[in-house]
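Engineer: Sequence:
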Amino acid sequence: MGDEVGPLGVLDAHRRALTIGIVLVVTMVAFEALAVATALPKTVDELGGVSLYGWAFSGFMLSNLIGITVAGHQADARGPAPPLVAGLVLFGAGLVICGAAPSMGVVVAGRAVQGLGAGAVPAVAYVAIGRGYPEALRPRMFAVMSSAWVVPGIVGPGVAGFVAERLSWRLVFLGLLPLLPLGGGLLVPALRGLGPTTASSESQAGTAVRLAAGAGLLLGGLGLHSLVGLPLMVAGGLVGFPALLRLLPAGALRAAPGLPAAVTMRSLQTFAFFGAEAFLPLMLTSVRGQSTTIAGLALTAATLTWTAGAWVQARLATRRSVRSVSIAGLVLVAAGIGLIATVLLDVVPVAVAAAGWGVAGLGMGLAYSMASVIVLAEAPADGVGAASAGLQLADVLGVALGTGLGGAIVAAGEAAPWSRRTSIAAIDFLMLAVALLGALVATRLPRRTAAGPLEDAEH
Numbered sequence: 001m002g003d004e005v006g007p008l009g010v011l012d013a014h015r016r017a018l019t020i021g022i023v024l025v026v027t028m029v030a031f032e033a034l035a036v037a038t039a040l041p042k043t044v045d046e047l048g049g050v051s052l053y054g055w056a057f058s059g060f061m062l063s064n065l066i067g068i069t070v071a072g073h074q075a076d077a078r079g080p081a082p083p084l085v086a087g088l089v090l091f092g093a094g095l096v097i098c099g100a101a102p103s104m105g106v107v108v109a110g111r112a113v114q115g116l117g118a119g120a121v122p123a124v125a126y127v128a129i130g131r132g133y134p135e136a137l138r139p140r141m142f143a144v145m146s147s148a149w150v151v152p153g154i155v156g157p158g159v160a161g162f163v164a165e166r167l168s169w170r171l172v173f174l175g176l177l178p179l180l181p182l183g184g185g186l187l188v189p190a191l192r193g194l195g196p197t198t199a200s201s202e203s204q205a206g207t208a209v210r211l212a213a214g215a216g217l218l219l220g221g222l223g224l225h226s227l228v229g230l231p232l233m234v235a236g237g238l239v240g241f242p243a244l245l246r247l248l249p250a251g252a253l254r255a256a257p258g259l260p261a262a263v264t265m266r267s268l269q270t271f272a273f274f275g276a277e278a279f280l281p282l283m284l285t286s287v288r289g290q291s292t293t294i295a296g297l298a299l300t301a302a303t304l305t306w307t308a309g310a311w312v313q314a315r316l317a318t319r320r321s322v323r324s325v326s327i328a329g330l331v332l333v334a335a336g337i338g339l340i341a342t343v344l345l346d347v348v349p350v351a352v353a354a355a356g357w358g359v360a361g362l363g364m365g366l367a368y369s370m371a372s373v374i375v376l377a378e379a380p381a382d383g384v385g386a387a388s389a390g391l392q393l394a395d396v397l398g399v400a401l402g403t404g405l406g407g408a409i410v411a412a413g414e415a416a417p418w419s420r421r422t423s424i425a426a427i428d429f430l431m432l433a434v435a436l437l438g439a440l441v442a443t444r445l446p447r448r449t450a451a452g453p454l455e456d457a458e459h
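Residue numbers 1 to 459, in my numbering, belong to the letters of the sequence shown in order.
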């Protein structure tokens with residue numbers, strides 16, 4: 001229908017509350033994600049427990065795996081509203097725990113509770129987009145979701161730093177609480193019209209816990225930076241791999257054509273992009289002697305170009321195949337990583353890092369949503385939540401493994417007789433290769449547009 005694909009399609013009267021509610025809830029999670037990294041150094045200064053610093057992030061990520069899985073399956077079985085309500089309550093409880101924490105151990109526990117709740121947001125949002133918007137509008141809605149990260153990406157770290165420095169780091173957590181009823185108050189009523197799609201759904205909570213435990217053991221083993229960690233890594237694989245097989249779509253590990261390849265591609269692109277991003281500030285500060293402010297500006301470039309790329313893909317999505325747009329995006333990610341690697345050479349201007357990371361962000365904006373488009377288009381009507389959860393799991397695992405392996409390379413370099421410059425060069429080479437592998441996997445996506453068959457849109 002014309003009104004469904006017009007310029008205001010996502011803001012039509014019958015979708016307006018759903019669209020605005022999704023944007024508000026995603027914005028809240030984005031502010032939290034970007035602000036906490038800025039505030040945590042002050043948290044450690046006051047509470048101590050620097051050895052637990054990394055687990056404030058890892059604990060969030062591991063519990064996030066559980067939240068994504070449970071919320072996705074519950075959205076199929078009970079409709080998306082109940083898991084979102086539960087997720088917002090847990091997220092708010094985690095904020096309160098962190099804001100009132102007397103020790104770093106309690107902060108880690110609060111972050112784990114936050115992760116459980118935050119996992120419901122992408123799972124429910126994907127189900128809502130899959131069931132509340134026609135295929136032709138989904139790329140535009142994913143672009144809207146990407147835009148929800150722009151303001152948090154630009155002002156979030158600065159505001160969080162000011163609040164933590166001048167007032168209290170506790171307010172960085174507690175200050176987000178008023179956003180919960182605002183976003184939830186709009187989104188939950190809009191979701192109530194999207195009831196369950198299946199009479200029952202097998203609980204995957206136990207499987208998700210095993211996956212999180214396996215990932216935790218694997219990351220713990222990597223964090224030991226020695227052969228002592230090898231048994232932990234093996235145990236993590238034995239515990240987590242069977243769970244991963246149950247939660248991912250069949251054929252994902254071999255990148256079978258269609259939906260499985262889309263999931264595999266998403267994991268590879270987040271592995272490459274976030275694996276390189278995690279060590280870009282380290283390269284700029286410790287290898288090129290730049291300030292943390294300059295490093296932060298380089299990261300901001302990708303925040304802006306990612307959003308620009310998302311809007312470009314929304315315009316291309318009905319005229320070009322998801323395959324061609326995805327391949328172009330992954331090639332740009334690889335090119336961007338290649339550009340930032342050249343900054344390891346002292347003769348290359350530091351500004352090339354910002355330019356290169358902007359190119360990589362543009363590529364992510366093009367390719368990231370394409371995987372979502374394929375998953376929503378090819379998932380069965382009663383399995384959108386489960387399929388979306390599988391995509392989000394691949395997303396989170398890609399980030400975790402990319403950053404974890406990069407950290408292991410840096411740690412190995414610190415213990416071996418090679419420079420940090422060499423370690424980061426090895427990381428960039430690895431991430432570039434993974435991005436190109438993602439482009440290869442993208443060739444197994446269908447030659448269709450977001451709106452349906454390709455017809456003669458491409459020549």
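No wet-lab data here; the hints were simulated from the structure. All C-beta atoms in this analysis are idealised placements derived from N, C-alpha and C, irrespective of residue type, glycine included. Be careful, since some hints might not be right.
Stated by the list, open to error - Beta-carbon label-pair distances, calculated as ranges: (1) 237 / 345: 36 to 44 angstroms; (2) 447 / 181: 15 to 23 angstroms; (3) 418 / 89: 19 to 27 angstroms; (4) 418 / 235: 43 to 51 angstroms; (5) 93 / 349: 44 to 52 angstroms; (6) 254 / 433: 34 to 42 angstroms.
Stated by the list, open to error - Listed below are the simulated SDA-like cross-link pairs for lysine to any residue, each with C-alpha atoms no more than 25 angstroms apart in a straight line: (7) 42 / 165; (8) 42 / 285; (9) 42 / 245; (10) 42 / 213; (11) 42 / 97; (12) 42 / 99; (13) 42 / 153; (14) 42 / 193; (15) 42 / 52; (16) 42 / 159; (17) 42 / 278; (18) 42 / 291; (19) 42 / 78; (20) 42 / 338; (21) 42 / 289; (22) 42 / 77; (23) 42 / 207; (24) 42 / 257; (25) 42 / 157; (26) 42 / 102; (27) 42 / 53; (28) 42 / 131; (29) 42 / 162.
Engineer: Can you give the numbers of the hints that this structure goes against, from lowest to highest?
Structural biologist: Failing hints, ascending: 2, 3, 4, 6, 9, 10, 14, 19, 20, 22, 23, 24, 28.
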